[in-house]
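Mapping of the sequence shown onto this note's numbering: residues 5 to 436, in sequence order.
Warning: the hint list may mix true and false statements.
Okay, derived cross-link-like pairs now, DSS-like style, lysine-lysine, Cα gap no bigger than 27 Å in a straight line [said to hold, decoys possible]:
(1) K265 with K241
(2) K155 with K433
(3) K11 with K323
(4) K396 with K413
(5) K25 with K241
(6) K433 with K416
(7) K369 with K241
Because the hints were derived from the structure by calculation, they are not lab data. Just so you know, these numbers come straight off a predicted model, no measurement behind them.
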Amino acid sequence: MNYYDIKNPTQKVSLKEAVLKSISAESGLYMPELIPILPGSFFTNLPNLNLQEIAFEVSNAMLGDDIPHEALKKIVSKVISFPIPLKRLDENLFVLELFHGPTLAFKDVGARFMAGLFQYFLRNENREVVILVATSGDTGSAVANAFYNIKGVKVVILYPSGKVSELQEKQLTTMGGNITALEVEGNFDDCQRMVKQAFADKELNQQVNLTSANSINFARLFPQSFFYFNAIAQLGKIEKPVVISVPSGNFGNLTSGLIAKKMGLPVNQFIAATNRNHVVPDYLKSGEYKPQHTHHTITNAMDVGDPSNFPRMSEIYQKQQLLMAADIKGFWYTDEQTRSAMAELQEKYAYQSDPHGAVGYAGLKESGVLKDSIGIFLETAHPAKFPEEVEKSTNIAVPLPESLKEIMKLEKKATQIPNNFDSLLQQLKKVV
């Protein structure tokens with residue numbers, strides 16, 4: 005399968021190049037020429053498959069022509085080493101918990117799968133790749149954990165100073181080794197802008213093999229489709245329409261859900277649930293895409309004013325807003341509404357959610373689908389990553405997992421830099 009540049013569809017590359025470069029010279033995202041449709045027999049048998057089996061079948065359909073089956077099975081078995089449980093809260097209400105991986109956030113699956121592909125593609129090559137990634141919270145820690153001490157790979161993480169939780173910061177700044185953390189004086193969009201400038205700099209790219217582990221890299225984004233297949237598998241026999249609410253910032257997770265739907269997964273509708281950074285919900289209503297200045301909120305992983313994956317979403321729907329709006333409903337919430345949603349989940353269902361999951365729940369509730377449909381919201385991070393907000397909203401202490409207790413004892417290793425490209429260039433020269 006070839007992968008084409010959204011900005012210049014005549015430019016096509018192999019999976020290997022799409023993974024190792026992540027973005028085209030024109031800063032265009034890569035998409036597969038074809039999204040395969042899985043056979044009916046797969047969906048009939050879906051409730052009988054475990055998560056590893058699902059991940060292999062789905063990834064084999066998408067990537068099987070480019071990676072031998074045995075190599076793909078090894079990647080999947082290493083990546084999928086933890087559960088992704090679907091929990092029932094009410095007759096029609098479910099929550100899919102995506103935080104059982106090593107960094108307790110949904111991005112573990114995509115980061116670990118991508119690391120497996122890197123190892124496979126670089127196995128016989130004598131070159132060094134520098135992964136440059138911007139994070140608004142959990143991406144940095146997931147990427148650092150997945151790529152730690154992988155031969156031939158160095159990781160440089162940009163994160164906005166003072167705009168990630170203390171625990172998230174500890175996770176992405178304490179590893180050392182081949183991981184470099186840069187604390188940027190600005191917001192997430194500043195970090196992302198600097199990363200895009202780096203990829204667009206021809207002189208830099210002649211000197212350094214740059215790639216990204218954000219969801220702009222198809223290898224980071226696609227494995228998240230496993231979540232949705234796994235949720236439907238756990239539902240078993242489905243007698244009502246299924247609606248899935250996705251807390252959304254950079255929209256990689258939702259885009260992977262749309263890919264799963266294109267592959268044949270029976271999801272009736274998606275909900276794009278956001279915070280005050282609501283450029284996509286606005287587009288779904290008006291048909292106009294207007295990037296915004298980023299607002300800082302308690303759902304920091306969703307603080308994105310110009311989502312990178314919107315072009316992919318638009319591409320899936322052939323740039324037709326009406327088609328997209330038929331499949332996706334958009335809702336957004338203030339911090340106070342998010343706190344109220346956390347409180348309601350605790351009081352009504354005895355479920356302690358993190359702020360991002362609460363936004364997903366609020367979207368389901370406001371949509372009105374819970375009367376006649378099965379509603380699933382994604383719980384994207386462990387509530388212990390946001391203890392102050394969760395405890396304030398639920399009046400219940402959040403138990404801190406042992407792994408996080410140990411991380412909090414470690415020393416932060418980060419370099420603070422201004423939000424300009426020259427500062428990033430200086431740091432990259434030190435790394436390579």
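Exercise. Are K433 and K416 close enough, with their CA atoms no more than 27 Å apart?
Worked result: holds (22 Å)
Problem set entry | Restraint check for K25 with K241, where alpha carbons must lie at most 27 Å apart | violated (41 Å)
Exercise. K11 and K323: Cα distance at most 27 Å?
Worked result: Judged against 27 Å, a Cα distance of about 13 Å means the pair holds.
Exercise. K396 and K413: Cα distance at most 27 Å?
Worked result: Between K396 and K413 the Cα gap is close to 24 Å, so the pair holds against 27 Å.
For this session: Mind checking the alpha carbons of K155 and K433 for me, to see if they're no more than 27 Å apart?
Result: holds (19 Å)
For this session: Would you mind confirming whether the straight-line C-alpha gap from K369 to K241 stays at or under 27 Å?
Result: Distance ~23 Å between K369 and K241 Cα, so the pair holds.
Exercise. When you check the alpha-carbon spacing of K265 and K241, does it fall within 27 Å?
Worked result: With a Cα-Cα distance of about 18 Å, the restraint between K265 and K241 holds, given a limit of 27 Å.
Checked against the numbered hints given earlier, the structure breaks only hint 5 and satisfies all the rest.
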